[in-house]
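Just so you know, the sequences run in chain order A and B. For what it's worth, our numbering labels the leading residue of the first sequence as 1, then goes sequentially. For what it's worth, our numbering labels the leading residue of the second sequence as 1, then goes sequentially.
Hint data in this document are derived by calculation from the structure and do not stem from the laboratory. Be aware that a few hints might be false.
What the hints assert, rightly or not - Computed spacing ranges between beta-carbons, pair by pair:
#, chain 1, residue 1, chain 2, residue 2, range
1, B, P134, A, P360, 34 to 44 angstroms
2, B, R81, A, E229, 44 to 54 angstroms
3, A, S380, B, G217, 21 to 31 angstroms
4, B, F78, A, T213, 13 to 23 angstroms
5, B, Q47, A, T213, 42 to 52 angstroms
6, A, M355, B, G188, 23 to 33 angstroms
7, B, T99, A, F116, 29 to 39 angstroms
8, A, I437, B, P134, 42 to 52 angstroms
Glycine included, every Cβ here is placed at the ideal spot set by N, Cα and C.
Below, each chain spelled out in residue letters.
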Amino acid sequence: MLEHHPDLTAAVIYGLGWAYLLMFVMNAFWVKRSYDVDGNCHMFGQAIPMASFWALYAAVLGMVSIAHLTGSDNPQSFLIRMPDAIKDAFNAASDPRTFFALSTIGFIVVIWAREFLVTPTMGWILLNLSCLYLTLSMTDYDFRQIVTKPDNVPIVGMLFIVGFFTWLSFNRAVENDRRVAAGQPIREREKNEKVLVWPDLVYSELICMVALTAFLIAWGIVLQAPLEEPASGAKTPNPSKAPWYFLGLQEMLVYFDPWMAGVVLPSMILVGLMAIPYIDFNKLGNGYYTFKERPFAIITFMFGFLPLWVAMIVLGTFLRGPNWNFFGPYEYWDVHKLELLNNVNLSEWFWLDVMQRPLPVAPANSEWYVQFGYILLRESVGILVTLAYLFLLPPVMAATIFRSFFQKMGFIRFMVLANLMLFMASLPLKMVLRWAINLKYIVSIPEYFLNL
Amino acid sequence: MSIGDYIRESQVWKSIFRHPAPVDRRNRVVVMLTNFFLHLHPVSVKQQGIALSYTWCMGGITFFLFLVETITGVLLMFYYRPTLQFAFNDILALRDVTTLGIMREIHRWGAHSMVITVWLHMYRVFLTGSYKPPREFNWVIGVLLLVLTLLLSFTGYLLPWDQLAIWAITVGSNMARATPFLGYEGPGALLLNVGGFDLITSGSDARFLLLGGRFVGEGTLNRFYILHCVAIPLVVALLIAIHFWRVRKDGGISQPL
Numbered sequence: 001m002l003e004h005h006p007d008l009t010a011a012v013i014y015g016l017g018w019a020y021l022l023m024f025v026m027n028a029f030w031v032k033r034s035y036d037v038d039g040n041c042h043m044f045g046q047a048i049p050m051a052s053f054w055a056l057y058a059a060v061l062g063m064v065s066i067a068h069l070t071g072s073d074n075p076q077s078f079l080i081r082m083p084d085a086i087k088d089a090f091n092a093a094s095d096p097r098t099f100f101a102l103s104t105i106g107f108i109v110v111i112w113a114r115e116f117l118v119t120p121t122m123g124w125i126l127l128n129l130s131c132l133y134l135t136l137s138m139t140d141y142d143f144r145q146i147v148t149k150p151d152n153v154p155i156v157g158m159l160f161i162v163g164f165f166t167w168l169s170f171n172r173a174v175e176n177d178r179r180v181a182a183g184q185p186i187r188e189r190e191k192n193e194k195v196l197v198w199p200d201l202v203y204s205e206l207i208c209m210v211a212l213t214a215f216l217i218a219w220g221i222v223l224q225a226p227l228e229e230p231a232s233g234a235k236t237p238n239p240s241k242a243p244w245y246f247l248g249l250q251e252m253l254v255y256f257d258p259w260m261a262g263v264v265l266p267s268m269i270l271v272g273l274m275a276i277p278y279i280d281f282n283k284l285g286n287g288y289y290t291f292k293e294r295p296f297a298i299i300t301f302m303f304g305f306l307p308l309w310v311a312m313i314v315l316g317t318f319l320r321g322p323n324w325n326f327f328g329p330y331e332y333w334d335v336h337k338l339e340l341l342n343n344v345n346l347s348e349w350f351w352l353d354v355m356q357r358p359l360p361v362a363p364a365n366s367e368w369y370v371q372f373g374y375i376l377l378r379e380s381v382g383i384l385v386t387l388a389y390l391f392l393l394p395p396v397m398a399a400t401i402f403r404s405f406f407q408k409m410g411f412i413r414f415m416v417l418a419n420l421m422l423f424m425a426s427l428p429l430k431m432v433l434r435w436a437i438n439l440k441y442i443v444s445i446p447e448y449f450l451n452l
Numbered sequence: 001m002s003i004g005d006y007i008r009e010s011q012v013w014k015s016i017f018r019h020p021a022p023v024d025r026r027n028r029v030v031v032m033l034t035n036f037f038l039h040l041h042p043v044s045v046k047q048q049g050i051a052l053s054y055t056w057c058m059g060g061i062t063f064f065l066f067l068v069e070t071i072t073g074v075l076l077m078f079y080y081r082p083t084l085q086f087a088f089n090d091i092l093a094l095r096d097v098t099t100l101g102i103m104r105e106i107h108r109w110g111a112h113s114m115v116i117t118v119w120l121h122m123y124r125v126f127l128t129g130s131y132k133p134p135r136e137f138n139w140v141i142g143v144l145l146l147v148l149t150l151l152l153s154f155t156g157y158l159l160p161w162d163q164l165a166i167w168a169i170t171v172g173s174n175m176a177r178a179t180p181f182l183g184y185e186g187p188g189a190l191l192l193n194v195g196g197f198d199l200i201t202s203g204s205d206a207r208f209l210l211l212g213g214r215f216v217g218e219g220t221l222n223r224f225y226i227l228h229c230v231a232i233p234l235v236v237a238l239l240i241a242i243h244f245w246r247v248r249k250d251g252g253i254s255q256p257l
């Protein structure tokens with residue numbers, strides 16, 4: 001029996017064998033560390049070193065690795081692969097809603113449970129889980145097709161790196177917060193003598209440069225840069241995607257028109273980033289990791305970077321297929337997949353459903369200002385909502401939940417902060433509105449290309 | 001006298017390196033002051049300011065990747081001709097026949113890495129509050145460098161002139177069509193007309209300026225090539241110089257003065 005799209009081929013099994021071998025070696029070192037550090041647990045009336053569980057796990061990895069490296073003759077009957085039931089469950093559960101909800105929930109969990117997550121053991125468990133998820137998923141044909149595209153490989157690496165550094169920063173922030181609570185000096189102020197740049201810094205720079213050069217050359221040998229067919233203006237690929245680092249912006253096109261998703265919101269991101277030092281009035285946390293001394297700043301920035309930027313890139317790269325339809329991680333990118341679009345504008349909902357009458361239309365051949373008036377009337381609800389969002393909400397924020405901010409920041413700085421936050425919140429808000437009530441545009445004036 | 005000592009005592013050597021090797025404290029200070037490349041650094045730094053788990057080394061790696069991109073990029077420029085006739089075939093030759101064609105792989109993976117390391121550098125600077133006074137303005141320069149890094153990567157994406165390249169640039173640049181007032185499908189563009197004559201058309205809007213045409217074509221390739229190889233790198237080099245200089249003037253990478 002020959003499968004057309006085989007889950008496993010001899011080459012894949014062999015490659016995964018090396019991956020498992022690497023995980024085995026990593027965990028063998030971890031066993032040593034665990035034996036030195038973790039101590040014993042008590043079971044069956046005996047003291048058992050915690051390291052023995054890791055040793056057991058490492059041994060399993062070693063055996064799995066040997067099974068892969070020696071058992072690639074018969075891919076059809078090879079057992080170690082992602083179970084179909086799990087794949088189906090993943091595919092069935094995945095759509096933009098669950099994806100965004102899960103990334104947001106994951107973000108909240110990371111913030112809330114940080115003290116639990118930042119121990120080295122938890123970090124190691126998370127690393128192992130994500131490695132196992134990746135290696136098991138690689139046994140799936142469709143997953144492999146997308147993840148191993150040359151330009152997508154860096155994104156997979158980025159996920160691990162961003163995860164690691166997020167973990168590292170929380171690790172140090174939690175330690176510092178604990179020290180402050182106990183009245184001890186923070187870590188960055190301890191052992192902080194001046195040292196000479198030669199040799200302390202220049203040598204680590206040199207080592208870093210050599211290692212990085214070797215890494216880039218190895219990467220270049222292992223993975224060839226992509227080169228597709230010669231360019232042809234007549235043959236549009238489906239899906240057409242921007243370079244991967246802009247896919248978060250391309251994903252916003254689902255919810256906003258190009259003038260918002262491609263021009264206004266990116267500009268606001270940049271203006272907002274540049275404004276950060278001037279609107280952050282908090283003097284604490286200058287030059288050391290901390291969470292408790294600046295929770296608002298860190299939560300806001302991390303929310304923008306992790307769920308709204310990195311997760312959107314993942315969504316746009318790995319889960320958006322032909323016609324920008326959503327596909328589960330193990331789903332075949334079917335060009336003919338249909339998704340029903342029955343989105344309505346706020347004005348349509350207001351006039352047709354609430355007022356039970358047709359949309360106001362200007363009489364034919366009327367003057368431009370009459371037409372303009374009718375458009376304003378037609379979109380009046382949306383315009384009022386937008387104006388209230390931009391102009392009514394900031395004073396309300398200043399008077400209520402952000403009262404102390406407003407008092408410390410003064411009028412101008414607070415208004416800048418409030419507007420930047422409202423722009424940032426507009427994306428998740430628009431998403432939720434789309435999913436909850438199929439809202440297309442809040443203000444829809446196609447006559448002037450002004451859809452919001 | 002050993003051959004090593006002979007060389008180190010020679011007039012040529014001494015004209016290049018004015019001081020003895022940095023093996024004692026005095027000469028370790030002096031080397032930082034007298035070597036052009038090392039003088040980007042201060043003579044001494046706070047121990048925690050160079051701890052790897054604190055800095056993540058991401059800014060330095062970004063700069064190093066910029067150098068890698070410059071060197072591999074210059075080498076690639078010897079082979080690559082940015083015209084519709086040659087562009088794709090030159091890249092094909094780099095892949096299949098050219099000696100050291102791996103320069104293209106290193107250039108591309110280095111570019112992707114650079115985008116990621118810039119983000120991580122910003123992440124670290126934010127999380128350690130290193131943008132706080134007196135370093136506010138250097139953060140602003142950093143944001144500009146982020147934009148330019150993305151633009152460098154974006155303009156370079158077109159050069160292989162394959163399907164991946166032109167359609168990514170088409171999708172990316174289609175946004176410019178919708179720029180408020182300046183794109184012919186943007187809100188407000190219709191207002192910019194003089195006596196019934198539209199100023200903003202598909203032949204005069206922001207997208208046309210970016211692409212040098214109504215679609216991604218020969219003009220775009222030339223435009224992006226020059227932006228990628230000359231214009232943006234020059235600006236980036238200037239901003240990097242200012243960025244580094246300000247790190248020194250603002251009292252190191254982090255912590256209040």
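**Q.** Structure versus earlier hints - violations, ascending order
**A.** 1, 2, 3, 5 and 7
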